[in-house]
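A.B. asks: Line by line, the protein sequences are chains A and B.
For the first sequence, position 47 (counting from the first letter as 1) is numbered 47 according to the UniProt record's numbering, and the numbering increases by one without interruption.
For the second sequence, position 141 (counting from the first letter as 1) is numbered 141 according to the UniProt record's numbering, and the numbering increases by one without interruption.
Just so you know, the hints here were simulated from the structure itself, not pulled from any lab data.
Some hints here could point you the wrong way.
Which residues of chain B face chain A? A few of them, derived with a C-beta cut under 10 Å, are [what the hints assert, rightly or not]:
1. Val112
2. Tyr131
3. Leu132
4. Val133
5. Pro134
6. Ala136
7. Arg141
8. Arg144
9. Phe171
10. Ala185
11. Arg215
12. Arg218
13. Leu252
14. Glu259
15. Pro360
16. Leu362
Keep in mind that this is a model prediction, so the values were computed, not measured.
From the three backbone atoms N, C-alpha and C, an ideal C-beta is built for every residue, glycine too.
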Amino acid sequence: MAKYLLLKHYRGAPAPVNNVPMDQWTPEEISAHVQYMGDFAARLEKTGEFVDGQALAPEGTFVRYDGEGRPPVTDGPFAETKDLIAGWMVIDVDSYERAVELAGELSAAPGAGGKPIHEWLELRPFLAASPTITECPHG
Amino acid sequence: MNDALLRSLTPSVLGILVRRGADFAAAEDAVQDALVEAVRVWPADPPRDAKGWLVTVAWRRFLDQTRSDSARRRREDLVDEEPPPGPAPDVDDTLQLYFLCTHPSLTPSSAVALTLRAVGGLTTRQIAQAYLVPEATMAQRISRAKRTVSGVRFDQPGDVATVLRVLYLVFNEGYSGDVDLAAEAIRLTRQLAAAIDHPEVAGLLALMLLHHARRAGRTAPDGSLVPLAEQDRRRWDTASIAEGVGILQAALARDRLGEFQVQAAIAALHADAPTAEETDWVQIVEWYDELTRLTDSPVVRLNRAVAVGEADGPRAGLAALAALDDSLPRHTAVAAYLHERDGDLAAAARLYSEAAHKAPNLAERDYLTRQAARLNAGRGR
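Make a model of the complete structure from these sequences and hints.
C.D. replies: Right under this line is the structure:
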């Protein structure tokens, strides 16, 4: 009844508790991590709470208009200054509490040593379209 | 082929199967099969008794399914004891279906989905589109809900208040896709009101009709929000208003007040006023006092503060507001409005902008941002 976006960040978020870069995990640890994420999504599909989820490449580009007849400007090789989003999942749940609960579970994905990475996830509600009743002021 | 006819018959056919002892999920499947069969057969060979036809075909499907089950023996015994299929009074069956679809064991979103599917006869795809989720997600939600209520036996009436809450949830979802959920909620509440004689059911129906009547005035052609005071009242649906007021008056006369009746009374006072200035705010405050007594909800107290601001002036409204927790949804928006009316434009502009930041939906956010911008521009930045 309410949609939330769960954002995983490559960087920009506070450091997780189990802060070992993924390229220093064992292949088994990576598989376990990926498996956890896949299982999580599959479980939400079953509960009817899954809307969409995708992973994103770590490199992206800022682009802006640079005036009539000119090619768009791109920001060049300064990726380290960006807030880089690793991927997202959209869920449709009954309450904010449920959204927090699920984000907490996703944050417990296993990392190095098979222990939860305690990754910080960003949880953002969708702004809905206009409801029929706007309770206030007397719409 | 008449889709509306099929949809209107769906709940009573399903209700009859459930009452005869069919498991809910199996009954639902059987009814869906019967509907598909009807679409195929009826154009060439229309039945004399559409409902009787559907009951017969659905019941036969149910028996076919059941016979191939592992529990075949026990269920056949059960079936043997049942009367043969045929038309039956549908009132109680439909009602039972409402209670089943809004059973307390279901989460609100599951109850909503199951109600739209089983009582409303909407397809899974239509419901998924209306709620902007993938069809697979909605299919899972519905089949999970069906499993949850599968073992529920109905030997006692359910809670009408739960049914009303679910219908109101559907109504408030507004509309998107090709299904107008507000209109659908009204249709279902009408059906419920025909089946059950309860002043709060009438109250909810009146409330929906009165809100729905103002829908055309609530948004500008570009989709932006138009506040009540600025709405073009000629765009309100006077027939719906008259119907809502009539239903409400009959309910109020029975002297069993409930929150939906009170909310409808407030909506009726707005709908009745020829202009915003002529709104009977004093009476609206009285109804809010009544509503506070019935619900004691902070949101109601907040709305009451708005009404007090109109009835007794912005200072009185701000005083009522000061008594409330400022973390309440829309508290800041109300404060902004009252400050503006009190002439403190700088505070109002700041509060509008803060309220926009907290707004739960796009239309409201844009509206509040424009209010802040209007005041800021006016003060010659």
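A.B. asks: Take the hints in turn and mark each one as holding or not.
C.D. replies: Against the structure, the hints come out as follows:
For the restraint placing B:Val112 at the interface with chain A, the shortest Cβ-Cβ distance is roughly 7 Å, inside the 10 Å limit, so the hint holds. Annotation: interface hint on B:Tyr131 holds; nearest CB of chain A at approximately 7 Å, less than 10 Å. A least Cβ separation of about 7 Å between B:Leu132 and chain A falls short of the 10 Å threshold, and the interface hint therefore holds. The interface hint given for B:Val133 is met, as the beta carbon of that residue sits about 5 Å from the closest beta carbon of chain A, less than 10 Å.
A cut of 10 Å between beta carbons decides the hint on B:Pro134: the least distance to chain A is about 7 Å, and the hint holds. Nearest Cβ of chain A to the Cβ of B:Ala136: about 7 Å, under the 10 Å cut. The hint holds. With a cut of 10 Å, the hint placing B:Arg141 at the interface with chain A holds, because the nearest CB-to-CB distance is about 3 Å. The beta carbon of B:Arg144 is positioned within 10 Å of a beta carbon in chain A (closest approach about 6 Å), and the interface hint is therefore held.
Interface hint at B:Phe171: satisfied, since its Cβ lies 6 Å from the closest Cβ of chain A, which is below the 10 Å cut-off. For B:Ala185, the shortest C-beta to C-beta distance to chain A is roughly 9 Å, which falls under 10 Å, so the interface hint holds. Proximity of B:Arg215 to chain A holds as hinted, the smallest CB-CB distance being about 7 Å (cut-off 10 Å). Annotation: B:Arg218 was flagged as interfacial toward chain A, and the flag holds, the nearest CB pair being 6 Å apart, inside 10 Å.
Look at B:Leu252: its Cβ only gets to about 20 Å from chain A, farther than 10 Å, so that hint breaks. Because the closest C-beta pair between B:Glu259 and chain A is about 13 Å apart, greater than 10 Å, the hint is violated. Evaluation of the B:Pro360 hint against chain A yields a held restraint, the C-beta minimum of about 7 Å falling below 10 Å. At a threshold of 10 Å, the smallest CB-CB gap from B:Leu362 to chain A is about 5 Å, leaving the interface hint in force.
The structure fails hints 13 and 14 (numbered hints given earlier, in ascending order).
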